[in-house]
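**Q** Following the hints, complete the assembly by docking chain B onto the known chain A.
As they're listed, the protein sequences go chains A and B.
Going by my numbering, the first sequence opens with residue 1, and the numbers climb by one from there.
Going by my numbering, the second sequence opens with residue 1001, and the numbers climb by one from there.
Hints were generated in silico from the structure; no laboratory data involved.
Predicted, not measured: the structure shown is a model, and the values here were computed from it.
Glycine residues also receive a C-beta, built at the ideal position from the N, C-alpha and C atoms.
Just to be clear, a hint being listed does not mean it is correct.
So the derived label-pair ranges between C-beta atoms look like this [what the hints assert, rightly or not]:
1) M1001(B) <-> I120(A): 17 to 27 Å
2) N71(A) <-> A1069(B): 27 to 37 Å
3) D57(A) <-> Y1010(B): 47 to 57 Å
4) D123(A) <-> M1051(B): 22 to 32 Å
5) A1069(B) <-> H14(A): 17 to 27 Å
6) L1098(B) <-> N96(A): 24 to 34 Å
7) L50(A) <-> G1075(B): 27 to 37 Å
8) Y12(A) <-> A1069(B): 20 to 30 Å
9) L112(A) <-> M1001(B): 23 to 33 Å
10) P1013(B) <-> K98(A): 53 to 63 Å
This is what each chain is made of:
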Amino acid sequence: MKFSILVNEGPYTHEASDTAYQFAKAVLAKGHEIFRIFFYHDGVNNATRLTTPPQDDRNIVSRWSKLAQENNLDLVVCVAAAQRRGIVDEGEMKRNGKDATNLAPGFRISGLGQLIEAGIQSDRLVVFGD
Amino acid sequence: MLHIVNKSPYDRPALNSVLATAEGGTILLIEDGVFAAVKGGAEEAKVKAAMAKFKFYALQSDLEARGMADRVIDGVTVTDYAGFVDLVAEHKTCQSWL
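Looking at chain B on its own, in the form it has when it is part of the complex:
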């Protein structure tokens, strides 16, 4: 399953909910969700540990809008809207954790 997370882990529990309840899959960070992908953040260790079960992607334009494009955690794949569409198409189901 593709898990779409659009809220910062420093603001809402959306990402924590995915990590706590999903068996694995792919997590796409969009909008304020991209703050989870920032290197040196308090959530970095948690994201890195979760990479054992999940593949992480982050939306490039949302990283750029927040000045974070050059501070992405190693192992998080940066993608554009075309890649967003591909991720949705590649996964049979997608869940937006609003």
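Bound-form chain A, shown alone:
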């Protein structure tokens, strides 16, 4: 079965990022496919590579990057939500005249249409947030 996941909450806030991650792992372990994981609202904060939690704490961002790399996942960050919160890739840096990028590996910035497409293309869309 084809799943997509929507993450609406930032990391280290309540529990949504952790639950979404554990759920994604369980989906893959069951042999299902993940069409896309979409990060919206404060969920875009899951995509900053500058996150530096204490060494004995989980690194939520790099955990997403690793999961994406190992399973060839499509992690998409909403562009408008990302601009508001300072999540920047090469293209956004140039377009908005910024002096740095911080998008973590495995993520890409795109539009809300990607969420709509995920809803259409997937058998199930599961939402995690506050």
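**A** Okay, now just chain B, sitting in the frame of chain A:
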């Protein structure tokens, strides 16, 4: 439909909203939502009454994280993440009551 509730009934009205508006189905309690599954809680009678219309599940790791794994109301099925995935797959639609 699968109703996913992630907020405590002692904090937010999410569970009440499900019980008030949904015809029936399955309710999965995750994150702070698992507080609704605690035996002896003020919400226990409401949850038990709702079992006539709804099947209740609670996520094991979230119960354990809160020290509630051995205090679950009879009739609430404790499940893991694999079971969470199965519940989503088994139900045609799922609603997260955020």
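**Q** Next, verify each hint and record whether it holds.
**A** A quick look at each hint next to the structure:
1. M1001(B) <-> I120(A): 17 to 27 Å: Roughly 19 Å apart at Cβ, these two residues keep to the hinted range, so it holds.
2. N71(A) <-> A1069(B): 27 to 37 Å: Given a distance of about 30 Å, which is inside 27 to 37 Å, the answer is holds.
3. D57(A) <-> Y1010(B): 47 to 57 Å: violated (28 Å)
4. D123(A) <-> M1051(B): 22 to 32 Å: The hint (22 to 32 Å, Cβ to Cβ) holds, given that D123(A) and M1051(B) are roughly 28 Å apart.
5. A1069(B) <-> H14(A): 17 to 27 Å: holds (20 Å)
6. L1098(B) <-> N96(A): 24 to 34 Å: Holds, at about 30 Å.
7. L50(A) <-> G1075(B): 27 to 37 Å: At 47 Å between Cβs, range violated.
8. Y12(A) <-> A1069(B): 20 to 30 Å: holds (24 Å)
9. L112(A) <-> M1001(B): 23 to 33 Å: This hint holds: roughly 25 Å between Cβ atoms.
10. P1013(B) <-> K98(A): 53 to 63 Å: violated (41 Å)
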